[in-house]
Amino acid sequence: MPERTCPECQGTEWILVESGSGTAAKRCKCFKERENQILFDQANIPRRYRDCAFKNFEIHNDSHKDALKIAKKFVKNHPVQDIGLLFMGPCGVGKTHLAVATIHELIEKKNVPCYFCDFRELIRNIQSTYTPDSSQSESDVLTPIFQKDVLVLDELGAKRTTAWVEETVFYIINNRYNNKKLTIFTSNYLDSEEDEEDTRESYFKKGGETLVDRIGVRLRSRIYEMCKIVEMWGKDYRKEIKQAGYRF
31 MPERTCPECQ GTEWILVESG SGTAAKRCKC FKERENQILF DQANIPRRYR
81 DCAFKNFEIH NDSHKDALKI AKKFVKNHPV QDIGLLFMGP CGVGKTHLAV
131 ATIHELIEKK NVPCYFCDFR ELIRNIQSTY TPDSSQSESD VLTPIFQKDV
181 LVLDELGAKR TTAWVEETVF YIINNRYNNK KLTIFTSNYL DSEEDEEDTR
231 ESYFKKGGET LVDRIGVRLR SRIYEMCKIV EMWGKDYRKE IKQAGYRF
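When we follow my numbering, the leftmost residue of the sequence shown carries the number 31, and every step to the right adds one.
Since the hints were made in silico from the structure, they are not lab data.
The C-beta atom is built at its ideal place from N, Cα and C for all residues, glycine as well.
Each hint should be verified, as a subset may be incorrect.
[As the list claims (entries may be wrong)] Here are the simulated DSS-like cross-link-like pairs (lysine-lysine), alpha carbons at most 30 Å apart as the crow flies: (1) K85 with K106; (2) K189 with K62; (3) K258 with K95; (4) K56 with K106; (5) K265 with K140; (6) K62 with K265; (7) K139 with K102; (8) K189 with K210; (9) K258 with K59; (10) K56 with K258; (11) K56 with K95; (12) K139 with K189; (13) K189 with K59.
[Said to hold, decoys possible] Estimated spans, in silico, between C-beta atoms of each pair: (14) I100 with E239: 47 to 53 Å; (15) K59 with R248: 45 to 51 Å; (16) Q157 with T35: 43 to 49 Å; (17) E88 with E168: 37 to 43 Å; (18) Q157 with A54: 52 to 58 Å; (19) E48 with K85: 54 to 60 Å; (20) R190 with K99: 32 to 38 Å; (21) Y201 with E48: 25 to 31 Å; (22) A188 with T35: 44 to 50 Å.
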């Protein structure tokens, strides 16, 4: 289908406006819309999450309200904001929705180049570049991860760490940290210090494993240095609400 021509600028992306000093040219609104669409297309947001926004984020308890407030403030403060976010909580409480809504808002309101990546997918994609018949290099996979102003790394800790995984992820995170690029993480694993009693709610414990169990002390320490921790709690929305609404 051919692209529709803007009726206001006839495809030039410029319009003429009258002012007290005469006629001046300024960008048509379609120019920003086109720029936004390019940024959305490059953001790698999965189809399932493309409609995630602040306006349709459902609040079921105070932790959701606080998390939404922090996410909105993150957008408002950009680019002055100098720390990222780590949304932590059990499955189905809206962590990914809120992370995607944040970059959605950054793109729409501030034209910020953003990128979404699943933690497990990132590791698999890097590993696949080592096969002899791979059409991609490691650099191809990592270029958007390194370059985008804001990165969402979803499901941190979903793949148990090995020495190679820990070193690779630390290299990625450290690169972004050193270049002052912001990262938004989500994780199903909360954390507790080794010398502290584990007072987490039972649905956080995952059989006793914590975030440090999944990603290692060094990586956890760096993430804590570069992010504000945002804990979210509640019942699994996908299980409790979505399932109740399915009809066949």
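Structure-based check of all given hints:
1. Among the hinted pairs, K85 with K106 is consistent with the structure: their alpha-carbon atoms are about 15 Å apart, no more than 30 Å.
2. For the hint pairing K189 with K62, the CA-to-CA distance comes to about 39 Å; that exceeds 30 Å, so the pair is violated.
3. At roughly 16 Å between alpha-carbon atoms, K258 and K95 fall within 30 Å of each other, so this suggested pair holds.
4. For the proposed pair K56 and K106, the alpha carbon gap of about 26 Å is at most 30 Å, so the pair holds.
5. Note on K265 and K140: the hinted pairing is violated, with a Cα-Cα distance of about 33 Å set against a maximum of 30 Å.
6. Pair hint K62 plus K265 does not hold up; C-alpha atoms about 39 Å apart against a cutoff of 30 Å.
7. This hinted pair checks out: K139 and K102 have alpha carbons roughly 12 Å apart, not beyond 30 Å.
8. A threshold of 30 Å between alpha carbons decides the hint, and for K189 with K210 the separation of about 26 Å falls inside it, so the pair holds.
9. Proximity of K258 to K59 is assessed by CA-CA distance (about 35 Å); at most 30 Å being required, the pair is judged violated.
10. Straight-line distance between C-alpha atoms of K56 and K258 comes to about 39 Å, which puts the hinted pair past the 30 Å bound.
11. For the given pair, K56 sits about 40 Å from K95 by alpha-carbon distance, which is inconsistent with the 30 Å threshold.
12. Taking the CA atoms of K139 and K189, the gap is about 34 Å. The hint is violated against a cut of 30 Å.
13. A threshold of 30 Å between alpha carbons decides the hint, and for K189 with K59 the separation of about 43 Å lies outside it, so the pair is violated.
14. A C-beta distance of roughly 26 Å is found between I100 and E239, which places it outside the suggested range of 47 to 53 Å.
15. A hinted range of 45 to 51 Å holds for the C-beta pair K59 and R248, which are about 47 Å apart.
16. Q157 and T35 have their C-beta atoms about 45 Å apart, which keeps the hinted 43 to 49 Å range intact.
17. Restraint check, E88 to E168: a C-beta distance of roughly 39 Å satisfies the suggested window 37 to 43 Å.
18. Range check, Q157 to A54: Cβ separation about 54 Å, and the 52 to 58 Å hint holds.
19. Distance hint for E48 and K85: a CB-CB separation of about 36 Å, inconsistent with the stated range 54 to 60 Å.
20. For the pair R190 and K99, the beta carbons lie near 33 Å from each other, so the given range of 32 to 38 Å is met.
21. One distance hint, 25 to 31 Å for the beta-carbon pair Y201 and E48, is violated here, with the actual separation near 55 Å.
22. Between A188 and T35 the beta carbons are some 45 Å apart, a value that agrees with the proposed interval 44 to 50 Å.
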